[in-house]
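Residue 1 is where the sequence shown starts when you use full-length UniProt numbering, and the numbers rise one by one after that.
Watch out, some of these pointers could steer you wrong.
Label-pair distances were calculated between CB atoms; the ranges are [unchecked claim]:
#1 Ser263 / Glu45: 43 to 49 Å
#2 Thr121 / Thr216: 18 to 24 Å
#3 Thr146 / Arg285: 14 to 20 Å
#4 Glu37 / Ser191: 40 to 46 Å
#5 Arg278 / Ala3: 48 to 54 Å
#6 Pro315 / Glu290: 36 to 42 Å
#7 Arg34 / Arg278: 48 to 54 Å
#8 Ala114 / Leu283: 45 to 51 Å
#9 Val143 / Glu290: 32 to 38 Å
#10 Ala257 / Ala4: 31 to 37 Å
Capping the alpha-carbon separation at 25 Å, the derived lysine to aspartate or glutamate pairs in DMTMM-like fashion look like this [stated by the list, open to error]:
#11 Lys162 / Asp229
#12 Lys312 / Glu118
#13 Lys162 / Glu28
#14 Lys162 / Glu118
#15 Lys312 / Glu226
#16 Lys162 / Asp203
#17 Lys162 / Glu218
#18 Lys162 / Asp80
#19 Lys312 / Asp144
#20 Lys162 / Glu268
#21 Lys312 / Asp11
#22 Lys162 / Asp98
#23 Lys312 / Asp229
#24 Lys312 / Asp161
#25 Lys162 / Asp101
#26 Lys312 / Glu218
#27 Lys162 / Glu210
#28 Lys162 / Glu226
In case anyone wonders, no lab produced these hints; they're calculated from the structure. We treat Cβ as the ideally placed atom computed from N, Cα and C, and that holds for glycine.
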Amino acid sequence: MMAAFTGVCADIVAAQRRAGRFALTTAERDLFGRWHEEAAAEPTEANLPLRLLTRPFSPRPIPEYYRYTSLHVHDWFLADAPDPVAAAALALRLTLADLLDLERRALPELPYLAERVELLTGLTARVADLPATPRSRVGELPVDETRAFLLLGCSGFPQSDKHEEHVFLRSVQACELVFFLVRRLALPAGSAFRLRQLGLFADLLNGIFEVLTTLTPERFMSFRAETGDASAVQSMNYHLMELVVHGHDPRREEIFARFPHLSCLRGEPHVEVQPLRRVVAGLGRPELDELCAVAERVLLVWRGRHYGFARKYLPDSKGSGGTDGWAYLKRFVTKNAPPVPEVDLAAFACL
Numbered sequence: 001m002m003a004a005f006t007g008v009c010a011d012i013v014a015a016q017r018r019a020g021r022f023a024l025t026t027a028e029r030d031l032f033g034r035w036h037e038e039a040a041a042e043p044t045e046a047n048l049p050l051r052l053l054t055r056p057f058s059p060r061p062i063p064e065y066y067r068y069t070s071l072h073v074h075d076w077f078l079a080d081a082p083d084p085v086a087a088a089a090l091a092l093r094l095t096l097a098d099l100l101d102l103e104r105r106a107l108p109e110l111p112y113l114a115e116r117v118e119l120l121t122g123l124t125a126r127v128a129d130l131p132a133t134p135r136s137r138v139g140e141l142p143v144d145e146t147r148a149f150l151l152l153g154c155s156g157f158p159q160s161d162k163h164e165e166h167v168f169l170r171s172v173q174a175c176e177l178v179f180f181l182v183r184r185l186a187l188p189a190g191s192a193f194r195l196r197q198l199g200l201f202a203d204l205l206n207g208i209f210e211v212l213t214t215l216t217p218e219r220f221m222s223f224r225a226e227t228g229d230a231s232a233v234q235s236m237n238y239h240l241m242e243l244v245v246h247g248h249d250p251r252r253e254e255i256f257a258r259f260p261h262l263s264c265l266r267g268e269p270h271v272e273v274q275p276l277r278r279v280v281a282g283l284g285r286p287e288l289d290e291l292c293a294v295a296e297r298v299l300l301v302w303r304g305r306h307y308g309f310a311r312k313y314l315p316d317s318k319g320s321g322g323t324d325g326w327a328y329l330k331r332f333v334t335k336n337a338p339p340v341p342e343v344d345l346a347a348f349a350c351l
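Using the sequences and the accompanying hints, generate a full structural model.
Rendered as structure tokens:
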């Protein structure tokens with residue numbers, strides 16, 4: 001069982017934790033990038049930790065969002081899982097538990113973290129109690145300690161030396177795992193159990209955002225500059241979730257055209273994808289229609305909260321992905337859906 005990094009891997013970890021990734025020298029970044037390319041040329045189980053730790057420094061054209069979030073580690077964790085849904089649910093529980101442990105350890109010196117610790121305690125317990133399979137809950141899933149160590153140990157590196165960036169980074173990673181869960185659970189559309197799971201896991205996005213709002217605007221701005229051009233608008237996983245649930249949205253064409261790795265979403269078969277509610281309606285099973293509506297409602301609340309977060313925290317700033325920031329998010333709060341009560345965007349903005 002792997003309990004600690006050793007050798008050159010320990011040095012790489014120490015360098016990133018010294019003052020954040022942003023403080024690394026050009027020489028260090030270049031060295032880590034060379035090590036990655038050498039290890040990736042002959043991948044082995046032995047050099048897996050080195051490959052995972054150094055990929056953000058690869059000279060390859062990797063979108064900044066992926067360098068920042070280290071989502072390649074989560075991709076590795078999920079890639080060979082016999083049940084991707086259970087694996088993602090487990091990764092989510094581990095990610096939130098790791099953040100909770102970090103915040104608890106910091107609490108004696110930072111008393112204002114008490115609310116965050118309380119919310120995280122409830123959220124991690126809630127995740128553990130969710131159904132991972134028809135026969136087991138997330139908290140009952142077996143944990144491979146070595147894989148869990150690599151998942152958390154290779155992905156928890158903020159850009160800055162600010163404690164507050166940890167909750168932001170882990171929240172982004174947790175949201176990405178929920179996006180993955182939603183899009184996997186949406187297909188095929190005929191399972192009541194999976195649609196119920198979809199709504200339950202989707203609602204975790206709102207719980208994660210509640211934790212994130214314990215981060216004040218001032219503390220958020222204390223590290224935002226170091227995150228650079230990393231933006232969730234670059235997330236393929238997010239756009240695929242939106243596609244599977246809501247169908248093709250031509251308003252996103254400008255984003256897909258801006259980032260080469262998203263350009264595939266501009267053509268077939270993606271432009272032909274129908275909204276989940278339309279697919280479900282075609283099955284003629286009213287109980288599935290209601291489950292789909294529940295999922296759409298919780299995702300609507302989350303989009304509103306995301307817009308509200310940007311409006312409150314970055315009222316006069318452009319989005320890090322080159323968008324218009326909160327104004328861009330506002331355009332996508334509501335979807336091409338059946339009539340619903342008027343969305344109170346002002347309430348979302350006030351959080």
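*asked:* Can you tell me whether the CB distance of Arg34 to Arg278 sits inside 48 to 54 Å?
replied: At 50 Å between Cβs, range holds.
_CB-CB spacing for Glu290 and Val143 relative to the 32 to 38 Å hint_ = holds, 35 Å
*Does the Cβ distance between Ser263 and Glu45 fall inside 43 to 49 Å?*
Cβ of Ser263 to Cβ of Glu45: about 34 Å, so the range 43 to 49 Å is violated.
*Would you check the hint for Lys162 and Asp229, treating anything up to 25 Å between C-alpha atoms as holding?*
Holds, at roughly 18 Å.
*When you check the alpha-carbon spacing of Lys312 and Glu226, does it fall within 25 Å?*
OK: Lys312 and Glu226 at ~20 Å, within 25 Å.
*Please work out if Lys162 and Glu28 have their alpha carbons no farther apart than 25 Å.*
holds, 21 Å
*asked:* Against the 25 Å threshold, does the CA-CA distance of Lys312 and Asp161 hold or violate the hint?
replied: Roughly 24 Å separates the two Cα atoms, so the pair holds.
_Restraint check for Lys162 with Asp98, where alpha carbons must lie at most 25 Å apart_ = This hinted pair holds, its Cα atoms lying about 17 Å apart.
*Mind checking the alpha carbons of Lys312 and Asp229 for me, to see if they're no more than 25 Å apart?*
Cα-Cα ~20 Å, so holds.
*Within 25 Å, alpha carbon to alpha carbon, are Lys312 and Glu218?*
Satisfied, since the Cα-Cα distance of roughly 11 Å is no more than 25 Å.
*Between Lys162 and Glu226, is the straight-line Cα distance small enough, at 25 Å or below?*
holds, 10 Å
_Hinted pair Lys312 and Asp144, Cα distance within 25 Å_ = violated, 40 Å
In this structure, the hints that do not hold are numbers 1, 3, 10, 16, 18, 19, 20, 21, in rising order.
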